[in-house]
Every structure is written in structure tokens, then in C-alpha cells.
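Protein chains: 2
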Amino acid sequence: MKVGIAQINTTVGDMRGNLQKMVSAYEQLCGEGAELVVFPELVVCGYPPRDLLLKGGFVEQCLQTLEEFANGTGGIPALVGFVEENSGPEGRPFFNSVAFCHDGIWSVVSRKCLLPTYDVFDEARYFEEGDATGVLELDGRLIGVTICEDLWNQPEVVARQRYPHNPVEELMSHKVDLVVNLSASPWHIGKGIARLELLRQAAESCGAPVVYCNLVGGNDELIFDGRSLVVNPDGKVLFEGAGFLEHLSVVDLNESGEGISAETDAKDPVIQLDNVRKALVLGLRDYAYKTGFRKAVLGLSGGIDSAVTAAIAAEAFGKENVMGVSLPSEISSEHSREDARILAENLGIEYHSVGIADVVSAGEQALSGLFAGQAMDVTEENIQARARGLLLMALSNKFGALLLTTGNKSELAVGYCTLYGDMCGGLAVISDLPKCLVFDLARHLNRDGEVIPQNTFDKPPSAELRPDQKDEDSLPPYPVLDAILERYVERGESAAQIIKAGYETEVVKDIIRKVDRNEYKRKQAAPGLKVSPLAFGIGRRMPIVQRFDATNA
Amino acid sequence: MKVGIAQINTTVGDMRGNLQKMVSAYEQLCGEGAELVVFPELVVCGYPPRDLLLKGGFVEQCLQTLEEFANGTGGIPALVGFVEENSGPEGRPFFNSVAFCHDGIWSVVSRKCLLPTYDVFDEARYFEEGDATGVLELDGRLIGVTICEDLWNQPEVVARQRYPHNPVEELMSHKVDLVVNLSASPWHIGKGIARLELLRQAAESCGAPVVYCNLVGGNDELIFDGRSLVVNPDGKVLFEGAGFLEHLSVVDLNESGEGISAETDAKDPVIQLDNVRKALVLGLRDYAYKTGFRKAVLGLSGGIDSAVTAAIAAEAFGKENVMGVSLPSEISSEHSREDARILAENLGIEYHSVGIADVVSAGEQALSGLFAGQAMDVTEENIQARARGLLLMALSNKFGALLLTTGNKSELAVGYCTLYGDMCGGLAVISDLPKCLVFDLARHLNRDGEVIPQNTFDKPPSAELRPDQKDEDSLPPYPVLDAILERYVERGESAAQIIKAGYETEVVKDIIRKVDRNEYKRKQAAPGLKVSPLAFGIGRRMPIVQRFDATNA
Chain A
303 MKVGIAQINT TVGDMRGNLQ KMVSAYEQLC GEGAELVVFP ELVVCGYPPR
353 DLLLKGGFVE QCLQTLEEFA NGTGGIPALV GFVEENSGPE GRPFFNSVAF
403 CHDGIWSVVS RKCLLPTYDV FDEARYFEEG DATGVLELDG RLIGVTICED
453 LWNQPEVVAR QRYPHNPVEE LMSHKVDLVV NLSASPWHIG KGIARLELLR
503 QAAESCGAPV VYCNLVGGND ELIFDGRSLV VNPDGKVLFE GAGFLEHLSV
553 VDLNESGEGI SAETDAKDPV IQLDNVRKAL VLGLRDYAYK TGFRKAVLGL
603 SGGIDSAVTA AIAAEAFGKE NVMGVSLPSE ISSEHSREDA RILAENLGIE
653 YHSVGIADVV SAGEQALSGL FAGQAMDVTE ENIQARARGL LLMALSNKFG
703 ALLLTTGNKS ELAVGYCTLY GDMCGGLAVI SDLPKCLVFD LARHLNRDGE
753 VIPQNTFDKP PSAELRPDQK DEDSLPPYPV LDAILERYVE RGESAAQIIK
803 AGYETEVVKD IIRKVDRNEY KRKQAAPGLK VSPLAFGIGR RMPIVQRFDA
853 TNA
Chain B
303 MKVGIAQINT TVGDMRGNLQ KMVSAYEQLC GEGAELVVFP ELVVCGYPPR
353 DLLLKGGFVE QCLQTLEEFA NGTGGIPALV GFVEENSGPE GRPFFNSVAF
403 CHDGIWSVVS RKCLLPTYDV FDEARYFEEG DATGVLELDG RLIGVTICED
453 LWNQPEVVAR QRYPHNPVEE LMSHKVDLVV NLSASPWHIG KGIARLELLR
503 QAAESCGAPV VYCNLVGGND ELIFDGRSLV VNPDGKVLFE GAGFLEHLSV
553 VDLNESGEGI SAETDAKDPV IQLDNVRKAL VLGLRDYAYK TGFRKAVLGL
603 SGGIDSAVTA AIAAEAFGKE NVMGVSLPSE ISSEHSREDA RILAENLGIE
653 YHSVGIADVV SAGEQALSGL FAGQAMDVTE ENIQARARGL LLMALSNKFG
703 ALLLTTGNKS ELAVGYCTLY GDMCGGLAVI SDLPKCLVFD LARHLNRDGE
753 VIPQNTFDKP PSAELRPDQK DEDSLPPYPV LDAILERYVE RGESAAQIIK
803 AGYETEVVKD IIRKVDRNEY KRKQAAPGLK VSPLAFGIGR RMPIVQRFDA
853 TNA
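First to last, the sequence lines map onto chains A and B.
My numbering applies: residue 303 is where the first sequence begins, and numbers increase by one.
My numbering applies: residue 303 is where the second sequence begins, and numbers increase by one.
A hint or two may mislead.
Since the list gives no way to pick out one identical chain from another, each pair is judged satisfied if it fits inside one copy or across any two copies.
Said to hold, decoys possible - Calculated lysine to aspartate or glutamate pairs in the DMTMM-like style (CA-CA distance at most 20 Å, straight line):
1. Lys538 to Glu682
2. Lys700 to Glu683
3. Lys825 to Asp421
4. Lys802 to Glu362
5. Lys700 to Glu666
6. Lys304 to Asp554
7. Lys304 to Asp441
8. Lys802 to Glu329
9. Lys823 to Asp570
10. Lys823 to Glu548
11. Lys823 to Asp353
12. Lys816 to Asp316
13. Lys700 to Glu682
14. Lys597 to Asp679
15. Lys811 to Glu362
16. Lys811 to Asp316
17. Lys816 to Asp353
18. Lys761 to Glu431
Just so you know, these hints were derived from the structure itself, not from any lab.
Bound conformation, chain A alone (with noise of 0.2 Å):
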């Protein structure tokens, strides 16, 4: 059986676009053989829809946009993920439902019976469970379709089972020939590990080869990798496809499988940097032309985050879309200034130096009668900051522009930042990455020959809002920073389990301090591109308002 991956890249929203692309996608595949095409979950409306399934028409035309769509269907049969209305009389308003489309006509073949509520995902808010999951009989085979979660809750793999329920055991007692899964499953850093291990032990349990279709592209923080697969019962991969760019397969099931590239990743740490750089270029591509962004500004500090931001930026938008600013107050070091001119040409992006000396000036001498008598402190240094998100936001405006904000996930967790100032933008590029990994990406683009200067990477990190300032004058060295942070902030260990890790005492409470402190200023925060397995944003939902003490937790 020749079956055609559709790994394409909707808009949430989009009903029209979304249907151009699935119709050519249909006609694509049919034409090379394909008989039986898969398109992602919840490919006509996009993924994730959030709150606007509760907006007024859009469930309906989401369905007026499948009924299009299988109108147009002739002998090759679709698998087509859309929003179903839940016509029972109780129960949440909606099913996250595969449509069996087919000469001109389309049923529900099955309704996703795991809902992620969890990390970025919040299904049960508007799905009912499906209580079945779907088997369709096609030229005598049996073919299983479940949706993305459907496949998680296997116990040989999962470390504890989230649902009393695993549709994987249902498909076995079916002895289906087939399974089939459409997924929008959001990329991070080792995701495709966890995703092949599931898709072995189904193909494994059910005896049949498993059929992953992937969206691709960025929504808001969201990054969808594609890397569709096809898997067989003995566990080799018979089709990858490709990471973080949409493509359009037929594949054999009766080719044997190889053991192609799926679990490299993982392992080779040039392969893992550039699907990180990949991500991020798609995430902001995606982001910025999704809601009608053609150009970037970015500020140019001459230190590794803006420089990393404004490579990434370089390939989304192409260099000539791209505007650095550097923003030298009187503290800026020359050096600073003249690494940001240096990278700017190395990428071959437009440069500007705007001196933010007078506004903060302005702006002091406002305050001065006000502030007369009380000492210098953190107020003078976001003046600073805030100038220049002040001028970087009327760049922004005047030339429509995207304004990219720069700060990495290390500051963003410590409040090494300024609500206002630095953290001004529309999109946080590297947020989720820690300090450490900006550094090895920094490296890693400058894998063909320099682009971000060498002096970039030698002097010590600094937000130079002070004469003479260093991050780990009150930061610990940056390794071990992250490494206390990924303990704390991505995998929940409390003070007590870090420090018998190995933590200084009164280092770890200091960070956890300052993570807890900070809350205020992520809820004001650009949304930023997801890399990790947790990032701030929508997959943390902490309270500002709050006193546990987790330094004595």
C-alpha cells in the first residue's frame, strides 16, 4: 500500500489558505501514486486554535472548509483532522476528530481519546474525550487512526501513564493492518527520541506498520518540526521526513525500513544545534510572515545574544530586512559598539548607531527634583535600558519593522533584564535558550568561517549599565547558573534536592530567589520560541502573587 505523508504548514485560522494547501497536497500525492493521503491533526483550522474554537463561526466554518475539501475528494481517500461539534447533550463543546474524505463525501472516523492537558497544552478545556478510537476498514486492511496523545500513554514507554485508558491495546485486539496517526506535535530539543521510542513499541504491540504525519511551522512559541515518520513492526524507519520545512511523500509500505537519520539528533551535537538554529528561523519566519511582518529591527549590543538573534534573523527575513541598531549611553565600551558594527557587516544587515545619552538625560533631569537627595541605584540603569526600548519601538513603528527582543532564557529566569527596556519586542528569539547553549550556538553558526566576532565571544558577559558591570558580579559563572536553573525551573527539583546535587547552599536560594522574584516581568514578556522541554510562556502558569517559600522547600 502506497500511502501520501502530507507535512504541511496551516496558519491557525486560515481556513482558505489552509484548504489551497491541502487541496494541492491531494493532488500532489494522488498524482504520484499515494492511496490513501494523511494530513496533520487539525490541519483545516491550524493548531493550536485556543480560544478562537469559542469565537462565533469559527467551529462552523472549520467544518464548512472540510465539507469543501471533501467535495473535491474522488476514489483516493483523505485523512483529514478538524474541529467536530459535540452534539451530545452533555459533555464539553467539541471533538478533536479525523474526517474519512472520499468521493465527494467525508464521515468521522475517529475522535482523539487522550487530551493533553498539560506543559503547553491545554485540550480538556474544550475537547470531550472520544470514547472509541477510530478502525477503518480500506481494500480489505484494517487500518487504526489515532490522534498525536493516542500514542503516548503506552506503558512500556511512558514512565507513568497520564489516562487509565491506551488506545494502542484497543488496535491490537482489532489486529489492524495500519496505524495511523495525525499529529501537531511541537518540537523540542530530544523530542524525536521520545516521538520514534512510541512509534516503535505501537508498531511493535500491534504488529503493523505505524503511519506519523507531522504539521510543520511556528505558531505563536510553538515550533511544529514535521519529521513525519513511517515505522515498521520491526522497528526500522522506512520514511523520515524533512525537519522544519513542509514535504510531500508517498511511501511504500511494502519497502523494507532502514535505520535512517531519526535518532541522530540526539546524539550528534552539530546535528542537534542546527535543528535548533533551524527552529528558530522557522519560529521567527513563521511568526513575523503569518502576521504580515516583512522586516526586523534588533538592537546590536555587541554582546552574544543580539548577535545570535540577529544571524537567526539574517536567515528568516533575509539580510537586506534586517536593521541593527546599536545604542551606546556614555557607558558603552568602544569595544562594544565596534563589535556590533563588525557583525552587522559580517551579515551584511543594516546599520545604525543611535546615542541614548540625551533622552536618559532628559529623562533624569525630569526626575531631578523628585529625586533630589535620594542615592544612585537600579532606577538609573532601566533609564537606561528603557530609552532604548524607547527608541527601538519608534524604529519599529516608523518602518514596520518587527522589533526582536534578545534576552536568553538565563537572564529571562534571574530578572537579569528590564520590563520596558530590553525586553521590548514582539517575539523573544532565543529565550528558551540558556546562556551556555546562546554560546554553542553562537559557535555553531560560525561553523563556515566568523560571522559574530571573536571579541563577541572573549570578554565577559555584560549588561554595561554600569561603569565597570559583569553578570557574575552577582551571578554565579554561567555553567553552573544553567545547570542549577534546568534543575529548578525545567525539571521541578526543589533547594533541598540541588544543593545535595552538588550546589552551594546559599548559591542555589540566591537563584531561587530570583527566579521566584521575577514572575512579575515573564507575565509581561514577548512571547518567546519554545526549544526546551519547558519554557516560560503558556507552558508555565505560575502565580505572581505568591509566598512559598521554595528556598526551604
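Please build the complex by placing chain B on the supplied structure of chain A, with the hints as guidance.
For chain B alone, coordinates are given in the frame of chain A:
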């Protein structure tokens, strides 16, 4: 039987502080003759704990605190809401449970069966459903112990059952003598009526009184109003706890109920407005005090929004702890400054005037080279707003005062506000009040004499960012705008539905476009106090990147 109702104000995560309040309430109520003491839902850790639940040590500390409380109990039992670990082999990690504490020990008596996962609620993110509602025998009486939402699925009252299961039916079959409900039910306008209806139905169905103990206090966006209730099977209200205040009271269930004031808030506009005032004062004070602020600063434009915010702040913090700042530009009218000054004088708050002209001109000067040949546009307006934001944040930083942002819901809906400008602030006090409600509340605040100057009511609303600018130049009159926004944002009506209701097609489409285009601003907005059934914030989760054409839905 005499039941002690402990309507207390907890702080999320503050186990020590919450324990102290619990112990002191328990002792007082026992001293006043209670035979059973009832606390609110999740009283030990506060509500909503959100992702703190996933933080190492949090749930353990909650359990230790419960243990400590239980150790101190004597012969008079208490019902205490707490987080229970789900020790089963599968399912979500916790239960939202009630412990029966008695004679120094505790045991689980009930697990919440219905887990709200809509609007501001995310309970399915953390909790597994209880499989049966707890029933307790006490002195020969059967007591059904329910938790908040457990009473919100009664088919006689709700339009559509969200859940397949109705715990009240279970209690009916048990023939309970008393129904207890431990709640953390956030307030919004009109909520009291819905609650009373549910409690009456439960009391009638079970033929037993219902004791409803609700949390009081502000936590982030949510304001819990208390107003605990005891309702008899005949529908009479035996007891109503204070609104927006802590209240400890022993209620003798043998007395007959009276028709107390529970229903009046929706019927009497003065009480309704006064509830809004009390809610905002409580929400603001708790946000500030629970995070350590004792002072507030805000910009006074001379307009109605900042006037109302200042009046609320003066009540929440005490007039001596509020600093009002006029930040005139060259465009600001003389009467604006005068109105601001008079308001501050009437309120008795500190007042300063800080001109923004020099900061604005320094910013424009810094950009003059890059802006050469470009026409004036919204950029220049935003520079003014951002200069104000920069100066106000400097005052906040220098004096440790919480900056209050003063935008209303209508503005925030259509994007009539500047990101990093007038949107700067730690808390948005009136961001869930449509402009017309702001005016109503302002008149209410003036009920005993002019606090807000009459001229602030009389002049047409204007952002004063361009000479002679008026809000209604680009927006319909506020009563029309607010009506359309309520339909579109709160009720989720489609464009077609709103137009059908009699609003002009082009006006409706224009407003819808404005609402949808400004999602990115709301993403970075300060948290705002919720007073409506649907507020911007955690209860409304829209994608930023999306292309649903709601004008044609």
C-alpha cells in the same frame, strides 16, 4: 447543629501564614460553639496554586501543614481543603481533596469530582477526578462533602451539563442530612445570583441545608468575594457571610432562614457598583500587600480612567501612600493638568507634575537622521506615551511604589493604548471595566460629594497624543462600542450575529478587526483584576499568530 464557617483570606503558597489563620479561626469558632468547622477549598496552600503544584516540595509542604493543623484539633472536627498526592499507578498527579481533621488526626473525606477546565480554571492540568463524593457520618448525621464545582452541574440550573456526572444525585441517593461545599469561587458581576440558584437547587434536591464556605481575597487577577452562604431546603438563606472581607461565624442550622441580601446585588445598581468598588479595592490591596508593596504611583491624565484608579488606590493603600503624577506634554490641555491637580487635592494624595517635553524631543532628535523625510505618524504619539512610561517606572523603582496602569477594557480591546507606554505597570486596576462602567463607577465614587472633578466627566475622552484628538474620532460612541465589545469578546458572538442585533456592518467589522489585531498588546499587558464573566487575561487564551477572518463569520 452549629456549623462554624471560616471565610478567610489565604495567600497562595504561604503555608505558615495560612496555617496561623486556620488555627486562629478554628479556635475562635470552637469557642463560639461550633460543632463542625468548615474551611474553603485548598485552604492550606491557597487558590489557585497553578504550577506551584509541580514545584518540588510544594505538595509535601502542603501535606505537612495539614498534618500540623490536624494535630492541633480536638473533639470538634474541621473540614479542610488540601492537595492530595495521587498515589495510584496512573492518572494526573494530584487530587483536590478535603480532609476531616479530628482529635489530632486527619483522613481524606472527599475528592473533587468535577474539575473546572474553562475560563480561568485549569484543574484538569493537575488533578485527577475523584470517583465518588465523600459522605461523612457525624453524631448520627450524614454529611455530604462537596468541593466547589461539584455543585455546578445540576441539570435543573445549568444550561448545558459540562460533565457526565452530577454529584448532587449521589447525595440524594445517600439521603444526606447536610450538604457542605468548600469553595474557592472567584467573583464577577452577577456571580452571586448564579451561586444562590445552585445552592438552592442542591438544598431542595437533597432536602437538606447547604453550608457553602467560600474563600475571600485577591490572588493575581482573581478576586474571591467570600459571601459564604447557608441555604435551607425551602430556599431561604439562613446566613450570608460578609462580601470582600474575612468573616468567621457560627450558624445554627436549626434556625429558620430569612430572605437575606444575597439576591439584591444584581437588582440594585448601587449595591452592584459598590461591589465593584469593594472588589477592586480588595484585589488591588491584596496584589500589593501580598507581594510586599505598601505604596502606589500612577499617572494622572485628568481623564476618567486615571481618576477612578486613583480613588481606588487611595482607598486600598491609604491616601498618604499614593503618588499621583501629571505628565503633561505640549499637547496636554491646561484643563487636563488642572483636573489632575484637583483630583489629587480632593483625594488627599501626593501630587507632582513632571513634564515630558524634553524626553520626547531628545528621543525625536536621536532619531532625526533615520526619520528624515518620513511623515509623522503613530510613532510620534507612541514616543510621548513611552516617555511617560519611562518616567513613571523610574518613580516606581526609586520609591518602591507599585505602578498602576489605568487603561479600561474598551481601550484594551481595541488597542487604544501604547505597549510600554500607558500600558506600563504592575497591575491593571480597571482593565476589566468597559468605559461606560468606568463612568458609572466614577459617579458612584462621587455619591457623597465631588471627588472626581465634574470636568473629568464632561469633556470628551481623549488620549491627548495629537492636538484636538478625541477617542470618538476613530471609535463609535462608547455605549455602542461597549455593547459591541460585550457581544464579541464576552459572549463570543459572530459578526453576523452582532450585525443582526442591529449594529452597523462597517462599525462592527472595524471593531472586530481592531480587537483581533491587538492580541499582541494584550499578551504583554499587566495582569488585570477580573470583574466580568470574561476578562482579558488567563481566562481568554487567543493565539497571536492567526488569520481567522472574524469579520466574515
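Hints the structure violates: just list their numbers, smallest first. 1, 8, 9, 10, 18
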